[in-house]
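Undergrad: Listed below, chain by chain, are the residues.
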Amino acid sequence: MNSTIIYFNILLPILYSCTFGIYAFDFWKGGKRFTNSKRVFLFLTLFLHLVYLLCRTVFFNHPPITNVFEIFTILAFSVSFSYFILELVTDIRGTGPFIIIISIIFQIISSVFIKETPVVKDILRSNLLGIHVFNALVGYSGITVSAVYGFLYLTLYKDIKLNRFGLIFNRLPNLEVLETLSYYSAVIGFIFLTFAIIIGIIWLPKAFPNFRFTDPKLIGTFTVWIIYGIGILSKTFGKWRGKKVVFLSIVGFVIAILSTMFTNFLSTSFHSFY
Amino acid sequence: MNILAVSINHRTAPVELREAFHLSLDEIKSMIHHAKEELFSEGLIISTCNRTELYGIPKDQELDVLDIQNFIFNYKNNRDVKPENFQTFASMEAIRHLFKLISGIDSLLIGDNQIYHQVKESFLTSEEMQFAGVLMKRIFDAATKTGKRAISETEISEGAVTVSYAAVQLVEKIFSNLSKKTALIIGAGESGELAAKHFKDRGIGRLVITNRTLERAEKIARALDSEAISFSTFKEKLHEFDIILSATSAENTILSKEEIKNSMKKRNYSSMVIMDIAIPRDIDPAAKEIDYVFYHDIDALNIIVEQNLSKRKFEIPRVEKIIDEEIEAFVSWYNSLEVAPTIKDLRDYFESIRVEEVGKNKNRFSSEDQEKVEIITKRIINKILHQPTVELKKINELGTSPEETAVKVSVLRDIFGINYNKKNNE
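Respectively, the protein sequence lines represent chains A and B. Residue numbering for the first sequence is 449 to 722, as defined by the numbering used here. Residue numbering for the second sequence is 1178 to 1603, as defined by the numbering used here.
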């Protein structure tokens, strides 16, 4: 079993890279040659990734949420899975390479650094933690996808303003669609992040009686939550639109990533599990 | 195949000549009437703003393209036309030219699919005038199939190739649903009218037209089921419009950056697309500096047009491949017209010899053996004719040219004297 896990660990970055290659080639060349086959390839990659996650769960006797690199592989899966669902629902197929590349980065980080957690702390076996992690991951996937669409919105906005009618102009969906995709992904991300925070707050005093409200993880998470909250409310009530909202989404995503890195590698936080 | 075609088009003649030889529907009908009497057993006449073309199956084998040129020349009685203003085609080249034409690759505006509908209408006129026989109908089917395939299987008709349509394409890159948007067209000239039509075709929610002469704006508005507003008041309502397209002949700018900025404030900086396709420009180009204002002049739109034209040119080899395939299918069908009767005639000829010889010698066999003789002789004939039949059928399958088929079939018929024997029997 262990050799299967090692094999998958090497295979997954390759699979994501191949999927990215097909999506990128299709984006570059246009036409209809890979319109359906690229989706099939993404599905196969996601299926094999799911098999890998199940193998880890069975072999190590715990879900793969006990260290940050296990979280990264789940994030890689959930970002691409979110995109897959979005592509099925909206039939917008031209934005794949920009999302799948995020999964490649997350999966490479995971594949290179992942290790077996020798002793899994008891607190990591809590059911509440499982629900918290699930919500947090869907939330982070949502804000990742939102940030990517936000970035694409800004790029297309600039290209149109400057009369640059190249690949971006020809292949991407229109500005309103990109703004809507970014907004709805952010709303989904925000809702799940809110649940994750609520569950975390309920569970936190029981698991870590000595926690501080000034803990970097708590500050980072609340900052991200407030940024997305401001952006969503402003957009919903028609105060802000377009560039301002997507810019906020990108800033929120960057802070979320920096906060995760800082919490897990540079500071001492109750949230450092590795 | 005995089909001839003569064309006067944008490659061979200047616009004055093309205009002079343009035919109205009534003229086409009248010309068909004369062509039926003098030249062709069946045919087709196409006339658009860029070409006038005659296709036909000659009644007389001696008829050549010069006779057709003279026919057109006499019909229009134009003395400026010279032989080099005509392009002529014979046999499969005429069919190929028609297929290229309906696919849009012979058009002045490459990939213009308007020609597809024009050729279709011309065929319908031919049918209505009983000028389309079996062959022309088959050519029509093959041509429309070629045109459809070119449009659906390649990108020959993709993208905007006119400035007014490029404006619509650009708007669609900013807004997702035009049915919820409002557009203002400033200037009711030719360009403004064309752009208004394009917006209407794309399902714009509300279309408003303004012009210095209000009557002109009202006329277009009535035709397009839209609104017209006075030129003196349109600036007060500027904030209501998501799309503004200006195409006036004004000497100076009619909208300043400040006026646009004020209207943007009123609409809470909701995106506004401004297309200035006038020369000189109608709107202050500095408007592009305002957030959420997408200002584009004619040069910007021309970039899109040029890009799309290059893409269409790139698609020509793919369209030509489709034309080759359809020509091959058509030739195969056409050859079968010659081959199938020849096979039948050859078999009939051998069967008649067999029947004659068996008849002559019938009494030499007992009644039980007569049946065996019938079977044996039939088998011999079948074996003799097997290889020639296979070879004749191969002509179809390999897509040999109609001329080559005609030679092979003719040699075979001559060797066995099929034509001679048939006439004698008749």
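It is worth saying that the hints were derived from the structure and are not from the lab. A few of these clues could be false.
[Said to hold, decoys possible] Below, a list of computed lysine-lysine pairs in the DSS-like style, where the Cα atoms sit at most 27 Å apart:
#1 B:1438 x A:609
#2 B:1325 x A:692
#3 B:1325 x A:609
#4 B:1498 x B:1488
#5 B:1297 x B:1488
#6 A:609 x B:1374
#7 B:1571 x B:1555
#8 B:1325 x A:477
#9 B:1236 x B:1585
#10 A:687 x B:1438
#11 A:477 x B:1490
#12 A:692 x B:1259
#13 A:606 x B:1555
[As the list claims (entries may be wrong)] Now the stretches of chain A that chain B is said to cover, found in silico as 3 or more residues with beta-carbon under 8 Å:
#14 602-614
#15 621-634
#16 652-661
[To be verified] Computed, partial: chain B to chain A, Cβ under 8 Å:
#17 1349
#18 1389
#19 1447
#20 1448
#21 1481
Even for Gly, the Cβ is constructed at its ideal location relative to N, Cα and C.
Undergrad: If a hint holds in the structure, say so; if it doesn't, say that too.
TA: Tested hints:
1. Distance hint between residue 1438 of chain B and residue 609 of chain A is fulfilled; the C-alpha atoms sit about 16 Å from each other, no more than 27 Å.
2. With a C-alpha separation of about 46 Å, the suggested pairing of residue 1325 of chain B with residue 692 of chain A is violated against the 27 Å cut-off.
3. Between residue 1325 of chain B and residue 609 of chain A, the direct Cα distance comes to roughly 37 Å. Violation of the 27 Å bound is thereby established for this hinted pair.
4. Between residue 1498 of chain B and residue 1488 of chain B the CA atoms are separated by roughly 17 Å; this keeps the pair inside 27 Å, and the hint holds.
5. Proposed proximity of residue 1297 of chain B and residue 1488 of chain B is supported: the alpha carbons are some 26 Å apart, at most 27 Å.
6. Our distance criterion of 27 Å between C-alpha atoms is met by residue 609 of chain A and residue 1374 of chain B, whose separation comes to about 25 Å.
7. Between the alpha carbons of residue 1571 of chain B and residue 1555 of chain B the distance comes to roughly 24 Å, so the proposed pair stays at or under 27 Å and holds.
8. With a CA separation close to 23 Å, the supplied pair residue 1325 of chain B and residue 477 of chain A stays within the 27 Å bound.
9. Taking the CA atoms of residue 1236 of chain B and residue 1585 of chain B, the gap is about 24 Å. The hint holds against a cut of 27 Å.
10. Distance restraint check for residue 687 of chain A and residue 1438 of chain B: the Cα-Cα separation of roughly 18 Å lies within the 27 Å cut-off, and the hinted pair is therefore satisfied.
11. For the given pair, residue 477 of chain A sits about 16 Å from residue 1490 of chain B by alpha-carbon distance, which is consistent with the 27 Å threshold.
12. At most 27 Å may separate the alpha-carbon atoms for a hinted pair to count; residue 692 of chain A and residue 1259 of chain B exceed this at roughly 66 Å.
13. The hinted pair formed by residue 606 of chain A and residue 1555 of chain B fails the criterion: a straight-line CA distance of about 83 Å is larger than 27 Å.
14. Only when three residues or more bring their CB closer than 8 Å to a CB of chain B does the claim for the region 602-614 of chain A stand; here the count is 5, and the claim holds.
15. Counting residues of the region 621-634 of chain A whose C-beta lies closer than 8 Å to any C-beta of chain B gives 6; at least three are required, and the coverage claim holds.
16. Counting residues of the region 652-661 of chain A whose beta carbon lies closer than 8 Å to any beta carbon of chain B gives 0, which falls below the threshold of three, so the coverage claim is violated.
17. Because the beta carbon of residue 1349 of chain B sits about 6 Å from the nearest beta carbon in chain A, less than 8 Å, this interface hint is met.
18. With a least beta-carbon distance of about 29 Å to chain A, the hint placing residue 1389 of chain B at the interface is violated under the 8 Å criterion.
19. For residue 1447 of chain B, the interface hint holds, since its Cβ comes within 8 Å of a Cβ in chain A; the closest pair sits about 7 Å apart.
20. For residue 1448 of chain B, the interface hint holds, the least distance from its beta-carbon to any beta-carbon of chain A being 7 Å, beneath 8 Å.
21. For residue 1481 of chain B, the suggested interface contact is upheld, since its CB lies about 5 Å from the closest CB of chain A, less than 8 Å.
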